[in-house]
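Participant: What follows is each chain in one-letter form.
Number of protein chains: 2
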Amino acid sequence: MKKTAGATLIAPLAACSYEGADKSTSNGYTPSDRLKQFRKIAASPVLQKEKVKQSIIIESINIYQNGKHFFLKAVSTDGAVGICSGNGKYIKNIYPIILNRIIPHFEGKDARDLEMLIENTYMGMLNYKWQGLAFWVGVAYVEIAILDLLGRVSSQPIGELLGGRVREQVGIYYASGKRGNPAEEEVEHLQGLVEKSGAKAVKYRLGARMRYDSASTKRDKELIPLVRKTLGDDATIYTDANGSYDVAMGIHIGKILEEYATDFYEEPCPFDHYEETVAVSKGLNIPIAGGEEEVSTRQFMWLMDQGIYDIVQPDLLFYGGLTRSIKIARMAQSIGIKCTPHISGKALGFLYMAQFASCVRNIGPYQEFKGNSDKVPVESLSSSLQPQNGLIDIPKEPGLGVEFDPEFIAKGKLIRSI
Amino acid sequence: MKKTAGATLIAPLAACSYEGADKSTSNGYTPSDRLKQFRKIAASPVLQKEKVKQSIIIESINIYQNGKHFFLKAVSTDGAVGICSGNGKYIKNIYPIILNRIIPHFEGKDARDLEMLIENTYMGMLNYKWQGLAFWVGVAYVEIAILDLLGRVSSQPIGELLGGRVREQVGIYYASGKRGNPAEEEVEHLQGLVEKSGAKAVKYRLGARMRYDSASTKRDKELIPLVRKTLGDDATIYTDANGSYDVAMGIHIGKILEEYATDFYEEPCPFDHYEETVAVSKGLNIPIAGGEEEVSTRQFMWLMDQGIYDIVQPDLLFYGGLTRSIKIARMAQSIGIKCTPHISGKALGFLYMAQFASCVRNIGPYQEFKGNSDKVPVESLSSSLQPQNGLIDIPKEPGLGVEFDPEFIAKGKLIRSI
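Going line by line, the protein sequences match chains F and Z. Counting in the numbering used here, the first sequence runs from 23 upward without gaps. Counting in the numbering used here, the second sequence runs from 23 upward without gaps.
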């Protein structure tokens, strides 16, 4: 494969350019049937190109800033526009990567080849070496701007392009961001989150983020029974350890969670401690959730092949966008588990979650909701973009289904790198 | 742990904040003795703080550009300076990450706490989510500037600070960057590389980089015998597949390499295809080299624990600098294998390799050499910085052992991010 972005590239099959080659078992390696199925899903497109009749050539993709807000704008040679709002926390750190290493793979190409272009972006310019949040978030933002463009040009919401809409509303849960506060205070905070949104589920944090100590363990042990007792037996209660534990403590805390019928236990061990996560999962009956830090398709497949997850949680940005994340959801479906994506707050992360949920059958019952806390100036005719009785309406207008304030967009300042 | 960079942080033990907690086997998880040893090494400092008598407070770290060149300058409150030349290919893409997410963890701190500051940088600001080349190369450049500062202030080459110098010269090999050219042409190219440097070893490329096809396989099969025949039985011949193969082809090509007594076989499978790499390694007798794309300490330990490498190759930049890479070398030593780091070309990568080699006992016989192809304006009194008879003298002056042209440094333009 040529390394220059300008050349016409033939995309290798996603995740593996020699799909099917490992048929023989004579070399001592036999991929599981599940892994074979995952590979097939990885190699099968998500975007239904046939739903966009004409070619849409991408003329330009640029990044703009308007105050604290950032957005990417993809413009076709016909003058059609797609917009993706981006979180300043990421854009301020990755704009050179987007401008130098990602956009060149898309400009001048047919937007309908989106998935091939993403694969070429990964394989070209040695970008595979850059695999990680800083690369994939950039790819995700470019992808979402192009999906918005494709939906607008073809007059359909993006869920229609990504397999077809299967629901009009999505149930949400709120996650508390707090850690280290007293158990009683945290329970009050959780009650407040439920009351303001009508959410039927909440999530709270355990451990001390990527470590634990005696204070965090004391809080864990007070909080677990107190949350169940206060919210009641019918409440759906999720927990997130953010990689705090080793195997022994992960299992110890997990058994307490089981005692109080906790609905899932997210990231008991540090994200890259695979063996430890496998051991904790095998030592417990509580549903285990995880996957938000995964950036490698192969490693995600390995983790799912171990059977350790009951709920798999690709981050829609860190994992590189909606089409890649939907493939993870389809792999999850093939083994009978749920996919509840992780979403980063700020900007329009909640909207990308809603559009993901619009077309994925095996989402869990409640999706994390962080809302439009940045007050990005968008509206939708079909949705208030706010939860009511714990549900949000998924916008059904073309593309992402929201309209930006035209003045806000017009005043965006073009971002350039050195 | 507080997430703000400004706070005084207590560093967790490297790689695992609850070192030793997995003692019990009653939870069904028993780390191997090798893994336990690796964890101990990960938690043991490399930098010998006691060799720098006074505290060296870092006043500022900045990035500068002079034409195509970039460098980082670390300045102490006493006005001492350390300089790290950085590759524009990286710096142009990661300068905001360095400025926003890395440098704040070092300014105002004692440079002697370097390793704790690196660990805090990873754990702080949620930077662990950013693990990957874009993050770790920035950490590496900051680390190298600080090591230069520490060495200059204490009047010793950095090898003395990182365990003590064990050699004054290092044997080098040249790697051909070519792929896709005819076998005969490639062999001539390899001969040229040997002749110009006196190198006793060369490396050539196999496959088609992260994939293979019939043309690349044809070339592989012509090249493998031809290189051995032309360079002779005494030549040390390395090969690099850059992740081109699946298991079946990886073993097939490996057996041909064995037939022609090839000295190592690097990255047969894509870097994140761990199971496949294990299978290829177990199916062959030829020494297997790899690890240049690894960014996770836990995953590196897992790979080494599988016993698949004969030569482990952390990239001194991608893996986050010299102290982290030396820990990998020490883990390798604990299981009796060699560590031959991968180095990125351009800037002064060859110098960082030489300083690494100065203090690591278990380097392989030949280290990759890419030279000062960017013509960074530096000199050393103790080394020509060029190979002679296949060896380069490792600079022995304080710090990195080279002096930059003062005018070049003075004319550097300060780089800022948005």
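There may be inaccurate statements among the hints.
No copy is singled out in the list; a pair is fine if it fits within one copy or between any two copies.
With a straight-line cut-off of 20 Å between C-alpha atoms, the simulated PhoX-like cross-links for lysine-lysine are [unchecked claim]: (1) K277 <-> K243; (2) K151 <-> K200; (3) K151 <-> K392; (4) K131 <-> K90; (5) K151 <-> K111; (6) K62 <-> K111; (7) K433 <-> K251; (8) K75 <-> K251; (9) K435 <-> K151; (10) K200 <-> K435; (11) K73 <-> K114; (12) K90 <-> K222; (13) K435 <-> K90; (14) K131 <-> K62; (15) K304 <-> K90; (16) K95 <-> K392; (17) K277 <-> K251; (18) K222 <-> K433.
It is worth saying that the hints were derived from the structure and are not from the lab.
Participant: Broken hints, numbered, in rising order?
Facilitator: 4, 6, 7, 8, 9, 10, 11, 12, 14, 15, 16, 18
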